[in-house]
Structures are given as C-alpha cells and as structure tokens.
Amino acid sequence: MRPRPPIEGRGIFSGTGLIVAALAATVVALLVPLWSYAGRQDPASADVLSAATVTTPYGPLSAQDRDFVTKVRLAGLWELPAGELAQRKGTTAAVRTAGQHLVDGHTSLDAHVRTVATQLGVALPNEPNAQQKQWLTTLDAARGQDFDRQFAGLLRLAHGRVFSLVAQVRAGTQNSLVRDLADDANTTVLDHIKIPEATGYVDFAALARDLTSPASPVPTPPEADPGAAVPVTPASSPSPSPSPGETYALPPATAGPPPATSGP
144 MRPRPPIEGR GIFSGTGLIV AALAATVVAL LVPLWSYAGR QDPASADVLS AATVTTPYGP
204 LSAQDRDFVT KVRLAGLWEL PAGELAQRKG TTAAVRTAGQ HLVDGHTSLD AHVRTVATQL
264 GVALPNEPNA QQKQWLTTLD AARGQDFDRQ FAGLLRLAHG RVFSLVAQVR AGTQNSLVRD
324 LADDANTTVL DHIKIPEATG YVDFAALARD LTSPASPVPT PPEADPGAAV PVTPASSPSP
384 SPSPGETYAL PPATAGPPPA TSGP
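My numbering puts the first residue of the sequence shown at 144, with every later residue one more than the last.
Hints listed in this document are in silico derivations from the structure and should not be mistaken for laboratory results. Please note: incorrect hints may appear among the correct ones.
[To be verified] Listed next, the in silico DSS-like pairs over lysine-lysine satisfying Cα-Cα at most 27 Å (straight line):
hint, residue 1, residue 2
1, Lys214, Lys276
2, Lys337, Lys232
3, Lys232, Lys276
4, Lys276, Lys337
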C-alpha cells in the first residue's frame, strides 16, 4: 500500500503554527522585563531617602523641609533691612508702605521660623547670603526714584522665585510644623508680591525674563544652633502685626512710576 502524502498546513511550520509561535514570542518579550523588575527597588534611592529624612515627633523631616526652614530665615535677614531702607528712602507713599509690610511680615515670620527650627533641631544662619548682601548694598547706594525702582524690582523678583518653593513644600511635606510654617510663609510671600506691584515700579517684561533665567546657586552662610539664632527685629518699633485673616491696606496701584523731574 502506498504511503499517503502529507497533508499541507498541518506541520509545525505551517502558516498557523508560525503565527502562534510569533504571538508566544511576543508575550514572552513583554512579560520578561516585568518579571525581572517586579519588586525591585533602587538601593541607591533608598539610601538617599533614609539618610536625608529624619524622624521627629511632628512627622518625617526631609532635606527639602530643612532647606525651606533655612530659606525662610534667610529671607527675613535681608528683607527686613530692605524694608527699613524703603521706609527711610522711598520717594512715594506706596514704596514706604511696602517697606512697612516687609518689616512687619518678617518680624512675625522670623519669630515663627526660629520656634520651628528649635523644635526640629534645624541650624539657622545669622547673616544673609552673598547675593542678599549684594542686593542690600545696591539698595543702600541707590537714591531717589532709582531706589524705588531697584527696591520694587528686587523684591518682586525674589518673592516670585520663592513663591513656587513654598507651594512645593506645602504640597509635599509630611511634617506638621513645616506645613504650618509654609502656610504662614505663603500668606507673607503673597503679600510681599503684591506690595512691590502696587508701587507702579515693577517692570513686568524684565521680570518675566529674569524669572525664566536659572538662578545661580548661592552658598548658605555658616549656620548656628537654632537656639543661638539672633531674632530679626526692626531698628524702630514696627506697627502692630495683623491678626490672623487680617490684611494690610495697600495704596492704589499706579499706571507707572511718577515722571522723572528735571534737574535744577
């Protein structure tokens, strides 16, 4: 009896077999990476997290939290003196009022940040950083409307940059003391964004360019034990600080700075 010829399409190399094999290979290629990385944690990331975050009675304290506490302290160390300069040298009521806002706001906020630093054991600087000192030197040397413009521009730029940091910390911190400090700082920073704008001296086109330019890193000055942090206090008696929920009255915003007067 003659052997029957093989039936086409039934072998492993038939069209259907090839399709099935290809599908199986695709599934394996997709699943192998998942099996390889399932449950895997980057040990380097874990080490950084455990080294940078410490446990406190008020919740975990991250490196970002500590940096924020330091930055709040640094803000008061230069902005309160800048506010006093504006009270003395400002040529308009709006500029002098802005100076008073800085003095009052940072007198209160500095007391808050020193309390938080003491409770969390975060060291604080007692002097502004190099960039802030340069800003104070610039304001000290400026006169007349040049002072008004420099004051409004520098303060608006500085607060515009820190505003996003406050929001980031407030959204992500797990520490209740840092969260309360971020709430206080947010209110103060927003007020200190509005007051330079109300002077009419803010150049918004230049501000937009400066805010998109990356800020150069500035080393933090030497830090001291939180209990040794010198309070930021005005040289003269400040006006009463606002109670919670209360806001200061701002002078009306002007369309632009007063026209320059011609010399004698």
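The hints, checked one at a time:
1. Lys214 with Lys276: Holds, at about 15 Å.
2. Lys337 with Lys232: Judged against 27 Å, a Cα distance of about 20 Å means the pair holds.
3. Lys232 with Lys276: 18 Å, holds
4. Lys276 with Lys337: 23 Å, holds
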